[in-house]
Amino acid sequence: MSLAYPPPPIAPSAVKNTASFIRIVALSAIAGCAIASRLFAVINFESIIHEFDPWFNYRATRVLASKGFYEFWNWFDPTAWYPLGRVVGGTIYPGLMATSGVIYNFLHSIHLPVDIRNVCVMLAPAFSGLTAWSTYMFTKEMKDESAGLLAAILIGIAPGYISRSVAGSYDNEAIAIFLLMFTFYLWIKALKHGSAFFGTLAALFYFYMVAAWGGYVFITNMIPLHALVLVLMGRYSSRLYVGYSSWYAIGTLASMQVPFVGFQPVTTSEHMAALGVFGLLQLVAFTELVRSHVSSKQFQTLLRTTVVSVGILGVFAIVIMTMKGWIAPWTGRFYSLWDTGYAKKHIPIIASVSEHQPTAWPSFFADLHMLVFIFPVGVLLCFQQLRDEHVFVIIYAIMASYFAGVMVRLMLTLTPVVCIAAAIAISTLLDTYMDPHEPEAVEAPAETAGASASQSGSGPTPSATITKKAGKQSAAKTGLFGIDTRLAVVFNTFFLLLIFVLHCTWTTSHAYSSPSVVLASRTADGSSAVIDDFREAYYWLRQNTPKDAVIMSWWDYGYQIAGMADRPTLVDNNTWNNTHIATVGKAFATSEEVAYPLLKRHDVSYVLVLLGSLIQYSGDDLNKFLWMIRIASGVWPDEVKEADFFSPRGEFRVDDGATKTMSESLMYKMSYYRFHELFPQGQAQDRVRQQKLPAVGPTLDCFDEAFTSENWIVRIYELKPDDELGRDHKSANAFAAGKKRKKGKIARRRFALE
Amino acid sequence: MPPKPSATPKPSASTNAFSSLWKAYQDETPARLKLIDAFLVFLMLSGIIQFVYCVLISSFPFNAFLAGFASCVGQFVLTASLRSQVNPLNQQEFKDVSPERAFADFALGSIVLHFFVFNFLG
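First to last, the protein sequences are chains A and B.
At position 719 of the first sequence (counting the first as 1) the number is 719 in our numbering, and the numbers step up by one without a gap.
At position 43 of the second sequence (counting the first as 1) the number is 43 in our numbering, and the numbers step up by one without a gap.
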């Protein structure tokens with residue numbers, strides 16, 4: 001057999017040892033890379049919690065760390081959802097907090113007194129290292145160790161996953177992706193070996209995943225789907241039965257221990273697939289058992305009809321129970337994945353979240369770079385081999401691609417399978433082109449040439465198929481000869497991988513590493529300026545208001561106010577009570593006279609609005625105003641009408657063309673109160689909406705401006721106390737301003753007789 | 001698992017078939033597996049009784065019912081898994097799992113299951 005280049009003269013045992021040593025070094029380097037590339041935000045800014053949701057997780061973790069687990073478990077938070085309060089223990093997934101609580105206590109027990117904030121900030125990078133490792137283990141089951149290493153480095157730095165796991169993003173996804181991959185790995189192990197041990201472990205990690213993230217439903221449906229497809233393909237084996245049954249029996253019971261999940265695994269439609277496949281497997285197993293005892297044809301038909309009829313009956317039973325309402329139908333959040341227009345029509349609060357929009361093609365490329373092209377090749381290679389575990393990757397790829405296409409946020413679950421499939425593809429390519437063996441004997445008959453080529457490569461390589469195709473012409477000179485072709489392909493792949501690293505680093509540092517609490521901007525000379533209005537305002541609230549002053553704001557800022565300002569809020573990011581949110585929306589969308597009594601009834605002392613008009617911060621409350629109107633009009637269609645806020649030509653305007661409803665709404669007045677004073681007369685300009693504001697700004701009767709931050713981003717208003725003389729605020733203000741009633745209009749005022 | 005008489009009505013051929021199946025089962029199954037099968041039947045009966053109680057009388061402490069029923073179902077499938085792992089006919093399929101290993105797996109699975117059962121009884 002001829003060789004393209006001589007293999008290095010090393011003994012096979014030495015090669016083996018060196019390889020395993022290199023693997024360890026590579027894995028630790030990958031973990032280091034994964035952690036290091038998530039630290040941009042901490043190094044550039046500071047070690048704080050980003051975004052909105054993590055602030056609640058952080059607050060809950062602080063309770064856990066300071067008061068212990070039982071206090072946390074039974075924590076009733078009277079400051080959230082002000083009049084109502086929130087049972088925290090029963091409305092969260094406690095896995096994230098429990099994890100950092102355990103780490104915190106462990107570090108303290110070995111006398112490393114780390115602050116809980118730093119544990120929370122660094123949790124996501126630490127777990128991304130574990131994700132890389134578990135992806136390695138998973139891919140190792142699919143192909144071999146070298147593909148595993150490739151997959152590990154790909155997931156370690158892929159921006160699709162980094163976006164949810166930078167340092168400071170203390171969200172459920174931080175640990176969930178590790179748990180997802182590790183549960184899948186254990187499931188594949190359980191399936192391959194038919195071992196109840198791995199099935200039990202998979203159930204335990206499934207339990208951890210259920211405790212950590214609402215996306216556990218993905219696992220609950222992926223594993224049954226895999227099992228079902230295997231049964232339909234005629235690949236049922238006792239190993240499948242052992243793996244699936246042990247996973248389902250233990251995992252379902254375990255998942256019900258999480259208070260937030262409760263009885264859902266037996267009462268909701270999301271979990272019925274798992275139950276159905278469980279029942280089906282029992283049937284199939286029983287059939288197989290009977291078949292092993294008898295071999296008569298008659299029996300097989302008898303049993304087959306029994307299995308099919310019982311299966312159909314089972315499906316009917318589930319359908320009927322859903323119709324009858326014994327099994328809860330799909331919740332809106334999941335249902336909107338299938339019927340993509342559903343959320344917009346019926347639940348505006350789901351549609352209002354920017355992460356719930358469909359994904360555009362550029363964001364696929366930005367998040368996955370070249371992997372998005374190689375991904376289908378990897379899936380194709382899985383089809384070529386098609387062992388039981390490859391079916392899993394194929395299903396996962398199809399399902400996750402669909403979901404990622406429907407919702408930006410689900411790009412996160414797509415990223416692991418893209419990395420795995422791409423790693424399989426790249427590693428197959430490298431296996432083929434780094435293999436020194438050349439196709440044998442050019443003069444040999446075509447059949448043998450083809451056969452030897454396919455033997456020399458691992459698996460049916462492209463060269464082999466080409467050789468076979470060209471087989472008719474004897475002395476086929478196709479195949480991999482010489483070192484130059486090999487080098488060309490290998491170097492090209494290597495080059496692409498390098499570009500991938502560059503792209504990932506660039507995307508991470510530019511797009512995903514900015515804490516939304518602090519806004520970074522650049523001045524003209526290139527030095528960076530930090531806009532810190534949020535914390536300025538929140539700390540003003542913290543230090544200058546009474547401890548029990550209720551703050552009203554739009555729900556986006558609820559968690560941050562509770563976390564940083566430490567004050568009760570009306571609504572927050574946990575949008576469990578739509579009517580309460582609609583109340584806030586109504587208060588913002590109506591005039592002062594309507595809103596003031598409404599706020600009084602809710603004991604509100606301060607109202608907080610965001611305004612980006614001065615420094616072009618586009619995520620301000622006026623841009624979210626339409627959603628407030630929509631959510632409010634869903635509950636009070638008579639009092640809040642969306643059409644009233646548009647000009648006759650259907651435009652949403654804040655300038656002179658603004659409608660009366662718009663310019664009298666509380667949100668408009670609060671945003672632009674005294675705003676025109678910043679500009680020369682008549683030149684007030686809104687830099688976000690690019691419109692010229694009216695020369696005379698709005699006046700406020702029932703509210704006092706309490707605080708406005710440096711760049712006018714956060715504005716806080718205080719509710720005026722009731723007038724001492726019992727007048728309404730409008731006439732009291734008019735009197736104070738010295739406005740007389742017009743002459744000759746001495747009122748015949750009419751009051752009802754008491 | 002012993003063949004339970006199926007409810008599907010079939011002509012005389014099937015009664016004949018069932019008796020021959022029963023005979024084949026008696027002849028071919030080792031004593032160890034028969035012991036496991038007896039346990040499986042017991043678990044099945046226990047589960048059925050609980051279910052009937054739940055349907056006829058009350059499902060009021062629903063978590064207690066679920067815990068008891070899931071303990072039966074879970075123990076049933078774990079035992080059935082053990083049965084198929086130690087079944088000499090399946091030796092081809094379970095190359096990595098020796099009968100002793102299968103028993104240890106079974107013990108571990110049952111312990112974990114019952115830990116959750118007791119936690120869930122409430």
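Honestly, the hints are just simulated from the structure, not real lab data.
Bear in mind the structure is a predicted one, so any value in this text is a computation, not a measurement.
Check the hints yourself; a few may be wrong.
Claimed, not checked - Listed below are several chain B residues computed to face chain A (Cβ distance under 8 Å; list not exhaustive):
1. S20
2. E28
3. C72
4. L78
5. A80
6. E93
7. F94
8. D96
9. F106
10. V112
11. F116
12. N119
13. L121
14. G122
To be verified - From chain A, some residues computed to sit far from chain B (all C-beta separations above 10 Å):
15. Y248
16. V290
17. T575
18. K624
For every residue, glycine included, the Cβ atom is placed at its ideal position computed from N, Cα and C.
**Prompt:** For the hint on B/N119, does the least C-beta distance to chain A fall short of 8 Å?
**Reply:** Given a least distance of 6 Å, the restraint on B/N119 holds.
**Item:** Outside-interface status for A/K624 - nearest CB in chain B farther than 10 Å
**Value:** holds, 41 Å
**Prompt:** Can we trust that A/T575 is non-interface, i.e. its beta-carbon lies farther than 10 Å from all of chain B?
**Reply:** The assertion about A/T575 holds, with a minimum of 28 Å to chain B.
**Prompt:** Taking 8 Å as the limit, does the beta-carbon of B/V112 come near enough to a beta-carbon in chain A?
**Reply:** holds, 5 Å
**Message:** Quick check on the hint: B/F116 CB to chain A CB, less than 8 Å?
**Reply:** The hint holds - B/F116 has a Cβ within 8 Å of chain A, the shortest such distance being about 5 Å.
**Asked** Minimum Cβ distance from B/L78 to chain A below 8 Å?
**Response** holds, 6 Å
**Asked** Are B/L121 and chain A close enough, Cβ to Cβ, to be under 8 Å, as the hint says?
**Response** Interface hint status for B/L121: violated (11 Å vs cutoff 8 Å).
**Prompt:** Close enough to count: is the Cβ of B/A80 nearer than 8 Å to one in chain A?
**Reply:** Interface hint status for B/A80: holds (7 Å vs cutoff 8 Å).
**Prompt:** If you take the shortest Cβ to Cβ gap from B/C72 to chain A, is it below 8 Å?
**Reply:** Violated, about 10 Å.
**Request:** For the hint on B/F94, just tell me whether its beta-carbon gets within less than 8 Å of chain A.
**Result:** holds, 5 Å
**Prompt:** Do the numbers back the hint for B/E93, that is, is its least Cβ distance to chain A under 8 Å?
**Reply:** Result: holds, 5 Å to nearest chain A Cβ.
**Residue hint B/S20, partner chain A, criterion CB-CB below 8 Å** = For B/S20, the interface hint holds, since the closest Cβ of chain A sits about 7 Å away, which is under 8 Å.
Figure legend: structure checked against the earlier numbered hints; hints not met, in rising order: 3, 13, 14, 15, 16.
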